[in-house]
Amino acid sequence: MKNIWNNIKKYPLLVFFAVLLYTISIADLFSPVETFSELENRKLATFPKFSWQQLFDNEYTIKIEDFTEDHFILRDKWISLKSISESVLGKKENNGVVYGKDGYMFTKFISADYNQLAKNMDNVSKFINNRPDLDIKFMLAPTAPGVMTDKVLEKSPVVDTQYILDYAQNNLPEGTFINVQPRLAEHTDEYIYYRTDHHWTTLGAYYAYEQFMQTIGRQAQPLDSFTFVDVENFLGTHYSKAKNYNVQPDVLSYIESDAQITINDVTDSIYDYSKLDVRDKYAMFLRGNPGYATIKGNGEGKVLIVKDSYANCFVPYLVNDFEQIDVIDLRYITMGLDRFIQENGYEHILFLYNCETILTDENLVKINLF
Amino acid sequence: MIFSNIFFIFRFLAVVLILYYAAPYKYKNGIITIASLIFYSWGEVKYFPIMLASTAVDFFASQTIERHRDNKKITRIALACSMIFNLGSLFFFKYTDFFISNINNFFGTSIPLLKLTLPLGISFYTFQTMSYTIDVYWGKVKAEDSIINFSAYVTMFPQLIAGPIVRYTDIAAKLNTYEGRITLDDINEGIKLFILGLGKKVLIANNVGALWTDIETMGFASVSTPLAWLGIVAYSLQIYFDFSGYSLMAIGLGKILGFDFPQNFNLPYISKSTTEFWRRWHITLSSWFREYVYIPLGGNRKGLKRQILNMLVVWFLTGFWHGADWNFMLWGLYYFILLALEKMFLLDFLKNKKVLARVYTLIAIAVGWAIFYITDLPALGGFIVKMFSFSGGVSAVYFFKNYIISIIVGILCSTTLTTKFYDKFKDNNLVMIPLLTVIFLLSIAYLVDSTYNPFIYFRF
Numbered sequence: 000m001k002n003i004w005n006n007i008k009k010y011p012l013l014v015f016f017a018v019l020l021y022t023i024s025i026a027d028l029f030s031p032v033e034t035f036s037e038l039e040n041r042k043l044a045t046f047p048k049f050s051w052q053q054l055f056d057n058e059y060t061i062k063i064e065d066f067t068e069d070h071f072i073l074r075d076k077w078i079s080l081k082s083i084s085e086s087v088l089g090k091k092e093n094n095g096v097v098y099g100k101d102g103y104m105f106t107k108f109i110s111a112d113y114n115q116l117a118k119n120m121d122n123v124s125k126f127i128n129n130r131p132d133l134d135i136k137f138m139l140a141p142t143a144p145g146v147m148t149d150k151v152l153e154k155s156p157v158v159d160t161q162y163i164l165d166y167a168q169n170n171l172p173e174g175t176f177i178n179v180q181p182r183l184a185e186h187t188d189e190y191i192y193y194r195t196d197h198h199w200t201t202l203g204a205y206y207a208y209e210q211f212m213q214t215i216g217r218q219a220q221p222l223d224s225f226t227f228v229d230v231e232n233f234l235g236t237h238y239s240k241a242k243n244y245n246v247q248p249d250v251l252s253y254i255e256s257d258a259q260i261t262i263n264d265v266t267d268s269i270y271d272y273s274k275l276d277v278r279d280k281y282a283m284f285l286r287g288n289p290g291y292a293t294i295k296g297n298g299e300g301k302v303l304i305v306k307d308s309y310a311n312c313f314v315p316y317l318v319n320d321f322e323q324i325d326v327i328d329l330r331y332i333t334m335g336l337d338r339f340i341q342e343n344g345y346e347h348i349l350f351l352y353n354c355e356t357i358l359t360d361e362n363l364v365k366i367n368l369f
Numbered sequence: 000m001i002f003s004n005i006f007f008i009f010r011f012l013a014v015v016l017i018l019y020y021a022a023p024y025k026y027k028n029g030i031i032t033i034a035s036l037i038f039y040s041w042g043e044v045k046y047f048p049i050m051l052a053s054t055a056v057d058f059f060a061s062q063t064i065e066r067h068r069d070n071k072k073i074t075r076i077a078l079a080c081s082m083i084f085n086l087g088s089l090f091f092f093k094y095t096d097f098f099i100s101n102i103n104n105f106f107g108t109s110i111p112l113l114k115l116t117l118p119l120g121i122s123f124y125t126f127q128t129m130s131y132t133i134d135v136y137w138g139k140v141k142a143e144d145s146i147i148n149f150s151a152y153v154t155m156f157p158q159l160i161a162g163p164i165v166r167y168t169d170i171a172a173k174l175n176t177y178e179g180r181i182t183l184d185d186i187n188e189g190i191k192l193f194i195l196g197l198g199k200k201v202l203i204a205n206n207v208g209a210l211w212t213d214i215e216t217m218g219f220a221s222v223s224t225p226l227a228w229l230g231i232v233a234y235s236l237q238i239y240f241d242f243s244g245y246s247l248m249a250i251g252l253g254k255i256l257g258f259d260f261p262q263n264f265n266l267p268y269i270s271k272s273t274t275e276f277w278r279r280w281h282i283t284l285s286s287w288f289r290e291y292v293y294i295p296l297g298g299n300r301k302g303l304k305r306q307i308l309n310m311l312v313v314w315f316l317t318g319f320w321h322g323a324d325w326n327f328m329l330w331g332l333y334y335f336i337l338l339a340l341e342k343m344f345l346l347d348f349l350k351n352k353k354v355l356a357r358v359y360t361l362i363a364i365a366v367g368w369a370i371f372y373i374t375d376l377p378a379l380g381g382f383i384v385k386m387f388s389f390s391g392g393v394s395a396v397y398f399f400k401n402y403i404i405s406i407i408v409g410i411l412c413s414t415t416l417t418t419k420f421y422d423k424f425k426d427n428n429l430v431m432i433p434l435l436t437v438i439f440l441l442s443i444a445y446l447v448d449s450t451y452n453p454f455i456y457f458r459f
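Here the protein sequences come in this chain order: A and B.
The first sequence lines up with residues 0 to 369 when you count with numbering that gives the first Met the number 0.
The second sequence lines up with residues 0 to 459 when you count with numbering that gives the first Met the number 0.
Honestly, the hints are just simulated from the structure, not real lab data.
Don't take every hint at face value.
Below, simulated PhoX-like cross-link-like pairs (lysine-lysine); rule was C-alpha separation at most 25 Å, straight line [said to hold, decoys possible]:
#1 A:K107 - B:K425
#2 A:K9 - B:K423
#3 B:K400 - A:K154
#4 B:K425 - A:K100
#5 A:K62 - B:K114
#6 A:K150 - B:K400
#7 B:K45 - A:K240
#8 B:K425 - A:K9
#9 A:K90 - B:K400
#10 B:K425 - A:K48
#11 B:K45 - A:K62
#12 B:K400 - A:K91
#13 A:K8 - B:K45
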């Protein structure tokens, strides 16, 4: 035995890596199992239950590998180490997120498929043309690369919002498309888009609100009539993917409001304040993405917003202008819009989508269902 | 299972090494076999029996040949059984769908495809077991008497799924050495090679490889000429570092277990002709084809015409071995033409023109990789036109900035700088321990947050 040890001493490299391998392996085995990753804002894999079926479908072994990776000791530290290395290598992207200037991040788009956009515009046009007596508007919110153009690095693979806006303008019935891009572009020196999240800020949404009101011939409430509340340290969806070590956290803001929202017969504040304590802070607006919700306002007329999550921080502005604001997220409903329209008799219908969602959303086909 | 994986390193390898080192000598080959069968079945449980059958067929065929040396007829039948089984299973799993879809295209029929998953590494291990039986038949080596030792050879996990193609003769002596098989010197060396191989795969290949995947997503014909070149350089680096990194990990693991596998890559991109390239690229495959196809066909001993024909056969098969599609055949024929031209006059012409020779070779290899990768023939044509027509398309600016450092690191590591450095410092622990620690820890970091970690030999 002594002999072997004397021999081994001559190989410090061998000893070092053997110790490293087994220290990490054993420490990893005994490290506590987390169920949720705050850093990545996602549920971590759970240890698979054995079944022959899963084994023969080659799912069991893959799940074991995923589990090992997801729960690897000091996972978040390894992720930061990779991020530092990537930055040393001068990488301008990670995991589908492209870095811009001043801490901005954008969704990576290397090839755009406009087939779904065309289908969506067809569906919307058909819907509008079949209902000539209703006032229907369609607003496409440009995402950050289309407005904060000086934050985008040269030739970055980001979405071509101009193409999408032009396409919508040219393919929707005359006078129904609201292009909010020029107005937002006038305010690029303000904080209108989050750096770490794919949404616009509540301030950015104000300019869209202003334009919407103007389009339907009404007066928007002035900006200074709203009280903004700031919440520090917001890390959004882009960050959850990119996990860059040198992130500059955002400040999430919302306008003070005591409006109530009714979702599935439960009435509560339009804000879910509990979300401000967790990573996914944007989920406070409209309490997430309900399929159908109704908000009681103190203005006149009824409006229906058919929307994606960009509308969530936009809707609170409407509370003082309409008596009833209904929102529909087509992902979570199964019937068409007519039932809602007949029941409520809306004066205005607004579709509000962002330029990236509209490229892939497959739910707009539902609006023409009965 | 693949090597560049957290589970492999910190679970599988950690456990297998303890069992292997702790076990009494006579059980070590058994442990290799069991561990390797688990390793093999991990990704596709259903193919476990194929591995067993493959082992059994060649074991018994070779035993039969050994026992009936004097009876030519029996030895021939035994050899034929092995070849039919090996080539048959390779053909069945790898090529059936290719032929069915071509028959369907050609005759307008609609025979359904089998859609089989290719058993991991089948192209590698069928060649290995075949070479063993042929060697026994030729009398180059005595048939292995222990089925455990033989299974350990066939299934040995370090080299099972992506080479090097280890011949029985390479490791027969060590397989039958019990005491003294494993030396601390070898383990020490093996650790270094494994970590360097891991770094090649995870830090270089994966890092530059994402560029080529992006170009594929954009469409090969939509890029600008500079981006086409940037992309093909990136892919050339990816396939080299991926493949040679994998081979190096295999060689390192082999040493850790006490076996010496042959070298598989020797700085292929410093070649001054494609002839030289193929002496430096995937060496164990080229030498397999030379030994078991080219020389038996007569090699260069039957005149130039016959030699060229033999080369044609070898390169057609080499191409087709890499994948069941037309572009792989085209790729083989492409190299046949280049090699034949070089044999006839190009080598003489390039003899004292060092720079021209290198430029020619690198361009030829890059075009080769385009043919190798792009299965869709019209897209391939479009891409090659892009490379040489100086036309516009998606700009290279962003991709250049994003990848240039990784590409430069890759290029530097493709030269003799790395071998010179390694030869000079490999025994200097003050250099090697910190360097390998950095590579190892960074590789783990990339594996933990693996957004891009492909296994690119699924078609082989």
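Each hint tested on the structure:
The hinted pair formed by A:K107 and B:K425 fails the criterion: a straight-line CA distance of about 42 Å is larger than 25 Å. The suggested pairing of A:K9 with B:K423 holds, with an alpha-carbon distance near 19 Å, which does not exceed 25 Å. Distance restraint check for B:K400 and A:K154: the Cα-Cα separation of roughly 10 Å lies within the 25 Å cut-off, and the hinted pair is therefore satisfied. Under the criterion of a C-alpha separation no larger than 25 Å, the hint pairing B:K425 with A:K100 is inconsistent with the structure, at around 43 Å.
Note on A:K62 and B:K114: the hinted pairing holds, with a Cα-Cα distance of about 24 Å set against a maximum of 25 Å. For the hint pairing A:K150 with B:K400, the CA-to-CA distance comes to about 16 Å; that is within 25 Å, so the pair holds. The hinted pair formed by B:K45 and A:K240 fails the criterion: a straight-line CA distance of about 35 Å is larger than 25 Å. Simply put, B:K425 and A:K9 have alpha-carbon atoms about 15 Å apart, close enough for the 25 Å limit, and the pair holds.
Among the hinted pairs, A:K90 with B:K400 is consistent with the structure: their alpha-carbon atoms are about 8 Å apart, no more than 25 Å. For the hint linking B:K425 to A:K48, the alpha-carbon distance of about 46 Å lies beyond 25 Å, and the restraint is violated. Distance hint between B:K45 and A:K62 is fulfilled; the C-alpha atoms sit about 17 Å from each other, no more than 25 Å. Only pairs whose Cα atoms come within 25 Å are accepted, and B:K400 paired with A:K91 is accepted, the gap being roughly 8 Å.
With a CA separation close to 45 Å, the supplied pair A:K8 and B:K45 exceeds the 25 Å bound.
Checked against the numbered hints given earlier, this structure breaks hints 1, 4, 7, 10, 13; the rest are met.
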